[in-house]
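Here's the letter readout for the chains.
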Amino acid sequence: MMPAATRFAGRWVFAVLVVAALLAWPLFVEDQFYQRVGALVMLAALSASAWNLVGGYAGQISIGHVLFFGCGAYASLLGFTWFEWAPILGAPFGIALSLLLALVVGGPTLRLKGHYFSMATIALAELARIIVTNAPVLGGAVGVSGPAMPRSVLDLSFISPLPYYYIFGTVLAVLLLFTWWMNRSRMGFYLRAIRGQERAARSLGVPAQRYKMYAYLVSAGFTSVAGSLYAAMLGFVDPDSGFGILLSVKMVIAAALGGAGTLFGPLVGAAILVPLEEITNAMFGGGGTGITYVVYGAIIVFISRFAPGGLAEILSRFQAWRARRAG
Amino acid sequence: MPADAPLLEARDIVVAFGSFRAVDGASLTIGKGEIIGLIGPNGAGKSTFFNCLAGDRQPQSGSIHLRGHDVTRASPEEHARLGLGRSWQVPAVFDDLSVRENVMVGAFLRHPRTADAAAAAEQVIDFTGLRPIAEARSGSLGTPARKRLEIARALATEPEILLLDEALAGLTPTEVRAAIELVRRIHARGITLVIVEHVMEVILSLADRAVVFHQGKVIAQGPPREVVQDPGVIEAYLGRSLSRKARA
Amino acid sequence: MILAQVVLNGFLVGAVYALFSSGLTLIWGMMNVVNFAHGDFVMIAMYVAFIAFTALHLGPELFVPLAAMALFLLGVLVYYGLVRHVMRGPMLAQILGTFGLALVLRYATLWIFSANFLSLPENLLGEVQTFAGLRLEPSRVVAGLAALALTIGLHMLLTRTALGSRLLAVAEDRSAAMLVGIRPDPMQALAWGLGAACTGVAGALIALFFYISPMVGESLALIAFVVVCLGGFGSVPGALVAGLTIGVIESLTSFWIGPAFKDVVVFILFLAVLWFRPQGLLGKA
Numbered sequence: 020m021m022p023a024a025t026r027f028a029g030r031w032v033f034a035v036l037v038v039a040a041l042l043a044w045p046l047f048v049e050d051q052f053y054q055r056v057g058a059l060v061m062l063a064a065l066s067a068s069a070w071n072l073v074g075g076y077a078g079q080i081s082i083g084h085v086l087f088f089g090c091g092a093y094a095s096l097l098g099f100t101w102f103e104w105a106p107i108l109g110a111p112f113g114i115a116l117s118l119l120l121a122l123v124v125g126g127p128t129l130r131l132k133g134h135y136f137s138m139a140t141i142a143l144a145e146l147a148r149i150i151v152t153n154a155p156v157l158g159g160a161v162g163v164s165g166p167a168m169p170r171s172v173l174d175l176s177f178i179s180p181l182p183y184y185y186i187f188g189t190v191l192a193v194l195l196l197f198t199w200w201m202n203r204s205r206m207g208f209y210l211r212a213i214r215g216q217e218r219a220a221r222s223l224g225v226p227a228q229r230y231k232m233y234a235y236l237v238s239a240g241f242t243s244v245a246g247s248l249y250a251a252m253l254g255f256v257d258p259d260s261g262f263g264i265l266l267s268v269k270m271v272i273a274a275a276l277g278g279a280g281t282l283f284g285p286l287v288g289a290a291i292l293v294p295l296e297e298i299t300n301a302m303f304g305g306g307g308t309g310i311t312y313v314v315y316g317a318i319i320v321f322i323s324r325f326a327p328g329g330l331a332e333i334l335s336r337f338q339a340w341r342a343r344r345a346g
Numbered sequence: 067m068p069a070d071a072p073l074l075e076a077r078d079i080v081v082a083f084g085s086f087r088a089v090d091g092a093s094l095t096i097g098k099g100e101i102i103g104l105i106g107p108n109g110a111g112k113s114t115f116f117n118c119l120a121g122d123r124q125p126q127s128g129s130i131h132l133r134g135h136d137v138t139r140a141s142p143e144e145h146a147r148l149g150l151g152r153s154w155q156v157p158a159v160f161d162d163l164s165v166r167e168n169v170m171v172g173a174f175l176r177h178p179r180t181a182d183a184a185a186a187a188e189q190v191i192d193f194t195g196l197r198p199i200a201e202a203r204s205g206s207l208g209t210p211a212r213k214r215l216e217i218a219r220a221l222a223t224e225p226e227i228l229l230l231d232e233a234l235a236g237l238t239p240t241e242v243r244a245a246i247e248l249v250r251r252i253h254a255r256g257i258t259l260v261i262v263e264h265v266m267e268v269i270l271s272l273a274d275r276a277v278v279f280h281q282g283k284v285i286a287q288g289p290p291r292e293v294v295q296d297p298g299v300i301e302a303y304l305g306r307s308l309s310r311k312a313r314a
Numbered sequence: 002m003i004l005a006q007v008v009l010n011g012f013l014v015g016a017v018y019a020l021f022s023s024g025l026t027l028i029w030g031m032m033n034v035v036n037f038a039h040g041d042f043v044m045i046a047m048y049v050a051f052i053a054f055t056a057l058h059l060g061p062e063l064f065v066p067l068a069a070m071a072l073f074l075l076g077v078l079v080y081y082g083l084v085r086h087v088m089r090g091p092m093l094a095q096i097l098g099t100f101g102l103a104l105v106l107r108y109a110t111l112w113i114f115s116a117n118f119l120s121l122p123e124n125l126l127g128e129v130q131t132f133a134g135l136r137l138e139p140s141r142v143v144a145g146l147a148a149l150a151l152t153i154g155l156h157m158l159l160t161r162t163a164l165g166s167r168l169l170a171v172a173e174d175r176s177a178a179m180l181v182g183i184r185p186d187p188m189q190a191l192a193w194g195l196g197a198a199c200t201g202v203a204g205a206l207i208a209l210f211f212y213i214s215p216m217v218g219e220s221l222a223l224i225a226f227v228v229v230c231l232g233g234f235g236s237v238p239g240a241l242v243a244g245l246t247i248g249v250i251e252s253l254t255s256f257w258i259g260p261a262f263k264d265v266v267v268f269i270l271f272l273a274v275l276w277f278r279p280q281g282l283l284g285k286a
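Chains as they are written, first to last, in this note's numbering: chain P, 20 to 346; chain A, 67 to 314; chain G, 2 to 286.
Just so you know, the hints here were simulated from the structure itself, not pulled from any lab data.
Ideal Cβ positions, reconstructed from N, Cα and C, are used throughout, including at glycine.
Certain hints may be false.
Per the computed footprint, the stretches of chain G lying under chain P, defined by three or more beta-carbons under 8 Å from a beta-carbon of chain P, are [to be verified]: (1) 11–20; (2) 88–94; (3) 97–109.
Kindly generate the complete structure, drawing on both the sequences and the hints.
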């Protein structure tokens with residue numbers, strides 16, 4: 020058994036190495052396909068980590084988080100369509116709209132328990148999708164596009180995926196820092212208590228409704244940012260790529276696969292799922308999407324059946340098994 | 067609040083499920099420093115009444131005052147803030163959290179900063195004898211440890227009054243003795259206690275005052291040993307025909 | 002007169018909604034598990050009917066029972082293979098389990114059959130009749146009436162038979178049922194089988210007059226959620242009334258506002274019920 024101090028230092032060394040590797044690898048990999056996959060991993064990790072605040076830590080399984088993703092994506096491209104703004108200038112409006120929506124619908128929705136909450140979030144996101152699809156002013160079923168040619172660096176329109184990788188990674192780092200801080204503070208304890216036993220938590224003085232709302236707001240804000248950045252990178256969004264239920268599902272799967280309610284679970288999950296999806300798409304072409312989601316579905320069935328805690332749980336089981344064998 | 071005001075006072079509480087009145091005009095006044103034993107046959111309404119006192123259920127009519135504040139319609143978290151702690155009949159610990167973290171959730175109520183809450187939790191862990199299992203995941207604990215953890219968690223909110231819902235049910239005689247000893251030490255700290263318990267032994271050895279529920283009403287209250295002699299109480303427990311035989 | 006036609010069509014579709022929603026409410030009320038794949042069960046049943054018709058040349062009188070049996074088996078399998086293990090687990094596992102199953106069913110179907118819309122021949126059950134100024138499409142009328150009869154039959158089965166009381170006993174109190182010698186596992190598997198068989202019949206009936214596509218399950222699932230929430234969890238009569246209501250509301254919305262908005266009204270109704278009356282419109286307070 021290592022002394023605690025060595026173990027602590029070891030952890031820091033490990034963390035620094037991981038961060039350095041995350042920063043440096045795209046510089047050594049020339050192939051733009053892999054760089055693009057890297058950027059998409061960061062983006063998926065960002066939205067899954069944002070979901071994780073509500074779904075993982077607070078245990079409220081939202082399957083409609085795409086509501087906020089879509090707000091962010093549409094805000095940035097509508098800003099361009101309507102006023103010729105650089106897409107990223109629309110992001111604050113997307114955040115504002117998401118927070119407002121979260122505040123309004125979150126009140127009654129967060130009061131719902133378990134699967135009732137999940138179903139309400141699905142209905143909300145689907146409502147948004149149908150409304151946007153049928154509103155010509157919002158692009159209707161066709162969707163909206165960004166600038167065809169980059170006009171300035173503010174347009175965040177780069178040919179190389181690398182800048183996106185670092186931009187997404189930076190926002191992800193901010194979110195993970197917040198999550199890390201939150202988890203050690205009162206808010207983290209309160210959220211995990213709410214996840215465990217909401218009634219018992221309230222009897223200990225935890226204002227459950229308020230803390231769930233805090234988590235929901237922060238989560239909505241970051242999910243919206245993810246949407247804005249996605250729209251800036253792709254330069255296009257339509258009702259399905261902005262508000263489609265599969266995007267919500269992807270956030271849930273990435274977090275659940277890596278470990279819902281753990282700091283790095285969503286990142287690990289995204290790092291497995293996104294390449295998987297990109298590779299199957301590349302292999303099977305357009306028809307590959309069906310197969311991709313069959314695999315996704317199988318993965319979540321497997322997780323829920325055998326390891327509800329995701330890879331984090333499998334890892335800790337393995338460690339416990341090794342400790343038993345060693346000890 | 068005036069010094070002699072009751073700590074917790076419930077007046078004419080009514081809780082009805084459809085046409086069935088589970089609690090039918092029950093009143094109870096609890097003074098500082100008391101240990102109250104709430105007893106009664108199954109289905110007498112004592113658990114429902116208890117949940118009203120704890121703020122987990124709102125009565126259809128009647129009023130509840132805690133330390134002079136009207137809490138009839140107040141949320142459970144408001145009750146906790148005003149100094150009321152409780153345990154649950156079916157232990158409701160936070161399974162994913164360690165024992166220490168469970169206690170810290172309670173401690174955060176009075177100590178918003180993590181370091182302060184951790185320090186406060188350590189004291190409660192020592193006081194309740196949970197030190198040996200402080201790092202264990204609470205989901206892995208057995209019933210006795212869970213029940214103890216529930217009490218510890220509630221204590222960490224630094225309550226003035228603690229409501230224990232069958233905190234001793236399902237324990238072995240040795241564990242019951244340990245739990246009774248813990249309750250005594252909690253009382254010695256000046257915390258008022260309300261105990262719902264099936265085991266009469268516990269009420270007899272702990273309570274200053276037994277309050278007997280029957281058909282949603284308080285039918286008797288007083289020193290436990292006198293209350294259990296009360297013919298009305300015997301009748302409530304044994305039924306009319308049996309009690310007549312017992313008297314004969 | 003047009004309005005009467007619209008209401009009639011809504012009523013007939015609503016009866017089919019009531020039937021597959023009864024399956025959901027049975028499972029839900031019995032073990033407090035939501036089958037997120039419920040709509041996809043209906044979708045699978047539609048494909049079973051389609052294959053039975055095109056490949057095996059079976060008529061509706063055979064492919065409806067066949068779909069019911071196929072889905073019954075699927076329901077029992079899903080119970081033993083998945084639900085039994087996740088229903089007492091964390092909320093995340095409960096929700097993801099059937100949700101993942103929904104994805105597998107939906108996209109496997111997409112992969113095999115592609116996204117093309119399929120349909121059965123329009124006049125499989127005969128030509129359109131006119132009666133008192135109302136257009137009566139035999140496929141819709143038969144589907145609606147059969148669904149109505151089966152929903153009432155399910156209610157009878159639950160309330161009037163020994164098997165039904167055993168099912169309800171497990172729903173009421175698992176451990177008490179065990180004490181009187183009812184093993185909960187077969188009963189719950191049976192509930193899943195029956196619930197899925199409802200989707201089997203309903204799916205085969207919808208296939209008579211509705212397009213068949215892998216994606217149809219999603220909106221059907223949401224309709225089933227709405228019906229169950231509206232009718233009260235676990236109540237078959239509630240599901241019947243709510244299903245008919247939703248059918249008529251949808252039909253009227255399509256007529257007055259436009260087909261694109263029929264789901265909007267249904268979802269808003271759903272949210273309103275969840276937010277303001279979570280016990281359901283017809284449920285007890």
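Okay, the hints, checked on the actual structure:
1. 11–20: Not satisfied, violated; 0 residues make the cut.
2. 88–94: holds (count 5)
3. 97–109: Held - the region 97–109 of chain G has 12 residues with a Cβ nearer than 8 Å to chain P, which meets the minimum of three.
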